[in-house]
Amino acid sequence: MEITFELGYAIDTFYFLMCGVLVMWMAAGFTMLEAGLVRAKNTTEILTKNVALYAIACIMYMVCGYWIMYGGDGGISTATPFLEGILSDGATGVAEDAATYAPASDFFFQVVFVATAMSIVSGAVAERMKLWAFLAFTVVLTGFIYPMSGSWTWGGDSVFGLYTLGDMGFSDFAGSGIVHMAGASAALAGVLLLGSRKGKYSEDGKVNAIPGANLPMATLGTFILWMGWFGFNGGSVLALASVESANAVAVVFLNTNAAAAGGLVSALILARILFKKADLTMALNGALAGLVAITAEPSTPSPIQATLFGALGGILVVFSILAFDKLKIDDPVGAISVHGVVGLLGLLLVPFTNPEAATFSGQLLGAATIFIWVFGISFIVWAILKAVMGIRVTEEEEFEGVDMSECGLEAYPDFTISRN
Amino acid sequence: MKLVTAIIKPFKLDDVREAISEIGIDGLTVTEVKGFGRQKGHTELYRGAEYQVDFLPKVKLEVAVQDDHVERLVEAIVGAAKTGKIGDGKVFVYDLEHAVRIRTGETDGEAI
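First to last, the protein sequences are chains A and B.
If you read the first sequence in my numbering, its first letter stands for residue 1, the second for the next number, and so on.
If you read the second sequence in my numbering, its first letter stands for residue 421, the second for the next number, and so on.
Check before you lean on any hint, since a few could be wrong.
Unchecked claim - When the alpha-carbon atoms are kept at most 20 angstroms apart in a straight line, the in silico DMTMM-like pairs for lysine to aspartate or glutamate are as follows:
#	chain 1	residue 1	chain 2	residue 2
1	A	K326	B	E470
2	A	K277	B	E464
3	B	K502	B	E442
4	A	K198	A	D414
5	A	K277	B	D474
6	A	K328	B	E491
7	B	K502	B	E517
8	A	K206	B	E464
The hints are simulated quantities; they were obtained by calculation from the structure and are not laboratory data.
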């Protein structure tokens with residue numbers, strides 16, 4: 001049965017928007033995950049950070065981010081600052097066999113990805129960073145840093161006129177590198193300048209545990225992210241209204257789910273072997289690692305390959321978290337490991353199942369380009385913020401909890417909480 | 421009169437309560453407490469890093485009895501609360517000087 005052009009246009013647009021809604025909901029997932037893994041005294045502040053970063057990302061990407069990312073030679077010519085160019089009808093003058101959707105729906109889908117990248121940063125710098133320094137950084141990352149690296153990848157532009165990643169065998173379907181590793185690179189730069197939480201590392205080199213306050217919330221957050229990821233990867237097919245694209249979407253959903261399951265099980269078992277107890281927080285990180293690992297290419301692996309790729313991510317993330325602790329790089333929620341280290345793994349797995357689109361050298365070049373750019377510029381921006389306004393709260397404020405010093409509100413005022 | 425205080429594992433509370441009822445003792449006060457003994461708590465792992473659990477949860481029982489009931493009571497508590505593993509707890513017996521039942525004003529032997 002032939003589908004009419006207008007119906008296809010409507011279905012693709014609807015699908016795109018609904019996937020965007022799912023990805024938007026990932027902001028809730030990150031918020032719950034992070035609120036669960038920090039101590040009770042820092043909960044209000046992490047909630048504030050997460051709602052504010054989402055809103056700032058939406059504004060900055062509207063003002064200039066989308067235009068920087070897609071307004072260049074390789075992108076779509078209608079992208080303009082303040083989005084006026086994308087409010088038009090996308091169907092006019094488009095060939096009938098092309099995948100089409102309303103241009104404004106593309107903005108909505110893209111903006112929720114920017115917010116995802118920034119959410120990754122908030123977890124890594126939790127419990128000790130000043131709220132307003134974080135929000136100032138959010139403005140720069142969502143309005144400039146991420147859109148620049150995005151323009152070289154999905155935007156199709158050349159990297160400062162030197163080379164074009166798409167021609168070099170680089171492929172990142174839904175953003176293992178472009179979104180997740182980028183977020184983690186910015187987080188790593190912030191954490192290096194910020195330092196570890198007080199009491200995390202003893203002077204004799206011992207690593208001390210700082211257990212999270214609310215594991216039900218962290219688990220809910222993980223499930224929300226798992227669900228949102230269907231939009232993240234599934235929406236990245238960019239179309240639904242044909243047999244071919246409907247099949248692709250179904251495979252992407254299936255593989256995304258399989259990878260998360262593989263990651264959770266492998267991390268759970270590994271934690272049991274290493275620590276003699278089933279560490280829930282590692283299992284949760286394992287599920288997310290599985291999702292990050294499959295994000296670079298969820299459409300070509302077989303279901304068993306997707307499960308194994310996810311499992312590989314789950315194993316890597318546990319060792320990565322332990323290694324960062326050895327290096328005294330304090331990441332309360334494991335964001336740099338989940339999104340950065342496993343994001344790189346995801347990129348490097350693409351050539352195994354999709355050798356036409358990606359080569360190892362292309363993937364490495366792309367990963368290096370993203371990392372050097374995002375880490376380098378982020379480091380400079382964090383350093384400027386540190387010099388101008390300071391990025392870390394005082395020792396006393398950290399002890400009392402940033403909820404009171406930054407927000408003046410406790411998350412659980414009716415409960416007695418331990419201050420350690 | 422004696423006051424028998426016992427620190428036991430929380431999961432043994434029901435067994436101890438039954439054992440005490442069986443020997444005809446009618447009153448018992450329970451408090452949830454935390455503490456440590458010779459093992460000084462234990463360590464747990466969170467994300468691969470150790471943390472010390474200094475105070476372990478226990479249940480404290482208090483039972484006031486006539487002198488001639490003490491031996492049976494202590495036997496009943498020890499018998500019911502024992503697992504043979506570390507952390508089973510302890511029983512302490514104190515002299516009890518005076519007791520009053522508030523409702524009736526009865527004292528000492530009548531009050532317990």
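(message) What's the verdict on K502 (chain B) and E517 (chain B), does the C-alpha distance respect the 20 angstroms limit or exceed it?
(response) Distance of about 30 angstroms is beyond 20 angstroms: violated.
*Verify the proposed pairing of K206 (chain A) with E464 (chain B), using a straight-line Cα cut of 20 angstroms.*
14 angstroms, holds
- request: Please work out if K502 (chain B) and E442 (chain B) have their alpha carbons no farther apart than 20 angstroms.
  value: Answer holds: K502 (chain B) to E442 (chain B) is near 17 angstroms, not above 20 angstroms.
Task: Restraint check for K326 (chain A) with E470 (chain B), where alpha carbons must lie at most 20 angstroms apart - done: 13 angstroms, holds
Is the Cα-Cα distance between K277 (chain A) and E464 (chain B) 20 angstroms or less? 9 angstroms, holds
Discussion item. With the threshold set at 20 angstroms, check whether the alpha-carbon distance from K328 (chain A) to E491 (chain B) stays at or below it.
Written reply: Outside the cut-off at roughly 57 angstroms; violated.
Quickly compare the C-alpha distance for K277 (chain A) and D474 (chain B) to 20 angstroms and report which way the hint goes. Measuring from Cα to Cα gives roughly 19 angstroms; hence the hint holds.
Given pair status - D414 (chain A), K198 (chain A), alpha carbons within 20 angstroms: Answer violated: K198 (chain A) to D414 (chain A) is near 26 angstroms, above 20 angstroms.
Going down the numbered hints, you'll see the structure goes against 4, 6, 7, while the others check out.
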